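If you're matching them up, the sequences are chains D and H in order.
Just remember that the working numbering sits 18 ahead of the position in the first sequence, which is counted from 1.
Just remember that the working numbering sits 18 ahead of the position in the second sequence, which is counted from 1.
Because the hints were derived from the structure by calculation, they are not lab data.
Errors might be hidden in some of the hints.
Copies of the same chain look alike in the list, so a pair counts if it works inside one copy or between any two.
Under the rule of at most 20 Å between Cα atoms (straight-line distance), these lysine to any residue pairs were calculated in the SDA-like manner [to be verified]:
| hint | residue 1 | residue 2 |
| --- | --- | --- |
| 1 | 359 | 494 |
| 2 | 359 | 66 |
| 3 | 488 | 410 |
| 4 | 69 | 366 |
| 5 | 488 | 413 |
| 6 | 488 | 444 |
| 7 | 349 | 90 |
| 8 | 359 | 475 |
Please read all numbers here as calculations on a predicted model, not as lab measurements.
2 protein chains.
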Amino acid sequence: MARDRARETEARLSLSDMSPEEFRRHGHDVVDWIAEYLQQVDSYPVLPSVKPGEVRRELDEVVKGGAEPFQRLLEDFDSTVIPGITHWNHPGFFAYFPTSASGPGILAEMLSAAVNVNAMVWKSSPAGTELEEHTLDLLRGLVGLPDGFFGTINDTASSSSLYALAAAREAALPTAREHGLFGAVPGRIYASEESHSSIDKAAVTLGFGLEGVRRIGTDDQFRMDPAALRQAVAADIGEGVRPVAIVATLGTTSTSSVDPVNDLADIAAEHDTWLHVDAAYAGPAAIVPELRHHFVGWERADSIVINPHKWLFTPIDCSVLYCRRPEQLRKAFSLTPEYLKTEEHETATNLMDYGLALGRRLRALKLWFVLRYFGSEGIADRLREHCRLAAGFASRVEREAGWRVVAPVPFSMVAFRFCPTDDDGATDAADRINLAILERVNASGEVFMSHTRMNDRIVLRLCVGNLRTKEAHVDRAWELLREAATTVV
Amino acid sequence: MARDRARETEARLSLSDMSPEEFRRHGHDVVDWIAEYLQQVDSYPVLPSVKPGEVRRELDEVVKGGAEPFQRLLEDFDSTVIPGITHWNHPGFFAYFPTSASGPGILAEMLSAAVNVNAMVWKSSPAGTELEEHTLDLLRGLVGLPDGFFGTINDTASSSSLYALAAAREAALPTAREHGLFGAVPGRIYASEESHSSIDKAAVTLGFGLEGVRRIGTDDQFRMDPAALRQAVAADIGEGVRPVAIVATLGTTSTSSVDPVNDLADIAAEHDTWLHVDAAYAGPAAIVPELRHHFVGWERADSIVINPHKWLFTPIDCSVLYCRRPEQLRKAFSLTPEYLKTEEHETATNLMDYGLALGRRLRALKLWFVLRYFGSEGIADRLREHCRLAAGFASRVEREAGWRVVAPVPFSMVAFRFCPTDDDGATDAADRINLAILERVNASGEVFMSHTRMNDRIVLRLCVGNLRTKEAHVDRAWELLREAATTVV
Chain D
19 MARDRARETE ARLSLSDMSP EEFRRHGHDV VDWIAEYLQQ VDSYPVLPSV KPGEVRRELD
79 EVVKGGAEPF QRLLEDFDST VIPGITHWNH PGFFAYFPTS ASGPGILAEM LSAAVNVNAM
139 VWKSSPAGTE LEEHTLDLLR GLVGLPDGFF GTINDTASSS SLYALAAARE AALPTAREHG
199 LFGAVPGRIY ASEESHSSID KAAVTLGFGL EGVRRIGTDD QFRMDPAALR QAVAADIGEG
259 VRPVAIVATL GTTSTSSVDP VNDLADIAAE HDTWLHVDAA YAGPAAIVPE LRHHFVGWER
319 ADSIVINPHK WLFTPIDCSV LYCRRPEQLR KAFSLTPEYL KTEEHETATN LMDYGLALGR
379 RLRALKLWFV LRYFGSEGIA DRLREHCRLA AGFASRVERE AGWRVVAPVP FSMVAFRFCP
439 TDDDGATDAA DRINLAILER VNASGEVFMS HTRMNDRIVL RLCVGNLRTK EAHVDRAWEL
499 LREAATTVV
Chain H
19 MARDRARETE ARLSLSDMSP EEFRRHGHDV VDWIAEYLQQ VDSYPVLPSV KPGEVRRELD
79 EVVKGGAEPF QRLLEDFDST VIPGITHWNH PGFFAYFPTS ASGPGILAEM LSAAVNVNAM
139 VWKSSPAGTE LEEHTLDLLR GLVGLPDGFF GTINDTASSS SLYALAAARE AALPTAREHG
199 LFGAVPGRIY ASEESHSSID KAAVTLGFGL EGVRRIGTDD QFRMDPAALR QAVAADIGEG
259 VRPVAIVATL GTTSTSSVDP VNDLADIAAE HDTWLHVDAA YAGPAAIVPE LRHHFVGWER
319 ADSIVINPHK WLFTPIDCSV LYCRRPEQLR KAFSLTPEYL KTEEHETATN LMDYGLALGR
379 RLRALKLWFV LRYFGSEGIA DRLREHCRLA AGFASRVERE AGWRVVAPVP FSMVAFRFCP
439 TDDDGATDAA DRINLAILER VNASGEVFMS HTRMNDRIVL RLCVGNLRTK EAHVDRAWEL
499 LREAATTVV
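If we strip away everything but chain D, and leave its shape as in the complex, we get (with noise of 0.2 Å):
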């Protein structure tokens, strides 16, 4: 501590960065705690028991102010923040779409932290731009998807929908970009009831309102209705709206159904219509040969978003929004001013075109490490063993009396739900009963799992997608699960 103290008050005084060898020293330091971290990661309790407000207090303390030795940084990190994080990498991470920080993809956050360019036009850093094109060909390629869709990575889902309807906004009302949408004919997104709440976020982001999203009716397997879209398409023709977007969703975030792209696509063609696919989540199982059939029609889609931060391995953030009218993106969002202009602005991709984000750090690198280190055929043996187990589950639970699977399993999600009088379960005091297992499941500190409402009920999700989980974590799960059912009730 004292040599550190010397060290980091000489830097201080030559106004300089940590020196390269005392980088070396705390990247070391710092490699060793995360490989104990990530062997251990099981130890923790997957949620942490703190209320809110309890860290901030802590860390509000900490802080003494003054330059500081980075020994005492980690430290407090792992004495402050770590006791209260929510574990993600944890094997009983259940909930929402879980996610992985695998070795590969750390590792090439840690060179992309390290060379920090900024790839917001090609000559700010060219290599950042075209592995950026290299790497999501590579992935379009793994996905089954044809040439000629355009690849960009962005942060999150919710950015990519928007830039997506932002696009089919130029399509449908090309007078938006130069006078906005005051005078303009009114436009409408369609999407199914059980689209991602993305959407409709993005829909009043871009002056369409809430009101701009049509929520289309779904049948008993949660996928969209096609008639009732034609419908209300014809409808809203009738009044003088024009449809701007239909939005498929594959692999819904309640029960991961997958809505008839090939037919929605028909609707689209009919009226010349954008047709987004948000495949967030499900997008990288069409690498698995006996899954892609549930994509098939969706290379007919104007716009597809793919998440790697979700089921493939990939340090958040990493969304990826395939294109295949690139250039109504550009229409869209291009806008250069001079000091961006450069010799090879015509010739080159210059990815802040296409989209709303002018800087861009180099996330293609941990995509193009983990899809390189797992190779294809990794990567499918693993969504197929997620898959696998999801399905084991689903079994445990449909052979269980009182219990019920309410939705299809098309990948590694199950919707489920537990029917204390073994009728349909459809009452109020079930939906109390499933909280209270749910809530009595997260506080075992050994999973989380996570809920959310189908036909005004209260169903509870398990989603199995991090690369650590195993059989005995999901076996757990379900023990976990019915000793909560008898206490609870």
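Please build the complex by placing chain H on the supplied structure of chain D, with the hints as guidance.
Chain H only, in chain D's frame:
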């Protein structure tokens, strides 16, 4: 390599991640690579000498498919990606706004990638949420903003400004969220001719269109003219247009000019209009006592954007949005689907409510580490030194016959021009000569500067902001410029 192969195969068959032992070994290699890179970054050419498509072709040849050992990925990164990147870490990087991947910032990013938390709601990572709140309160104090500014971290200033202007739209046109803009009173955003293009992009995205931004003229120091703004607002109101937001820029991109934010705040107050401050580059300068005067009045803003990933030694991406009316951000963006509702939803901060992006990685950690490692005085010392270097450069340019500084130098950036005929150089010939000088200087590989256009004439920019830049690098830049001028003329 053989050992690697065997282990990778084992990992593949076990369907696991890279083992912790392997992670440790590769992690140490990566840290050593980074330490060496940072040590000798000035031996690389700042700008790579590649042509569009060259890196891509090499990358396309590299990949073989199948799982690959990590060692090979690191080698390919070093041999294929590194020769094609623009070295933002190079001490001769003077283009755009320079950035720094400081040691503590890089080390924090390693940890963030490893824990891989997604703090969309409080429960999904309590410490992720509260570290962000704590760190942004720390920064708020350092830059002298009062209590009551609520901060969030976004990827880029483009996103931060979009969110701020969405909140402004919500405040001015409260029916927009529900009904969209189709039937609404037209709204307008005011920004100076020198404001950043991200304001236009945000306006297009939000449905205002390019016409929704009125560019206000500037004085001879490139600062927005309050009288012209007042006139424009009055004229719009007379025509039934609603003022939505006034954007003040403190540190414009072309010349780092400073809008008279206090006067603009008066006008905003008169019309009850949102005041947004773009201090993406210059904001950190408010930490330096003798530079604080440039910011007088910004505390009256409704929202302020400051990018620690520009001039605060934090690796990209980290853009901070401070908002004095966070409830307006929530009105614009809060939309919580059932699956994200938690018992803490009303009592804790849920970061997803303050912007478009749902997913949020742990970006606060790097800023926390940077602020603590360097300390407020250490940061002030470094920023002060950058300003001193810029002032020194400016005075040499001014003293030299045929060269002119074309704008005041409030911070660390100099806008200048070679005027070969020793008049004001406002000719197409002079523009061509300045671009030729720039090209020649950048081709040296020793420095990278960029250009802009002022009063329709080419202007060169030298911005000091990288932690590794010392006096010698600025001296060398000036030497190269003078040499180039003699050769080019």
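Each hint, compared with the structure:
1. 359 to 494: Cα proximity of residue 359 and residue 494: none, with 58 Å in one copy and 25 Å across.
2. 359 to 66: Classified as between; 17 Å across copies, 49 Å inside a copy.
3. 488 to 410: within (12 Å within a copy, 62 Å between copies)
4. 69 to 366: Answer is between; shortest inter-copy Cα gap is 9 Å, intra-copy 51 Å.
5. 488 to 413: Within. Shortest intra-copy distance 17 Å satisfies the 20 Å Cα cut-off; inter-copy 66 Å does not.
6. 488 to 444: neither (33 Å within a copy, 70 Å between copies)
7. 349 to 90: Classified as neither: same-chain Cα gap 49 Å, cross-chain 40 Å, threshold 20 Å.
8. 359 to 475: Result: close only across copies, 14 Å inter versus 55 Å intra.
Violated hints, listed in ascending order, are 1, 6 and 7; each of the other numbered hints is respected by the structure.
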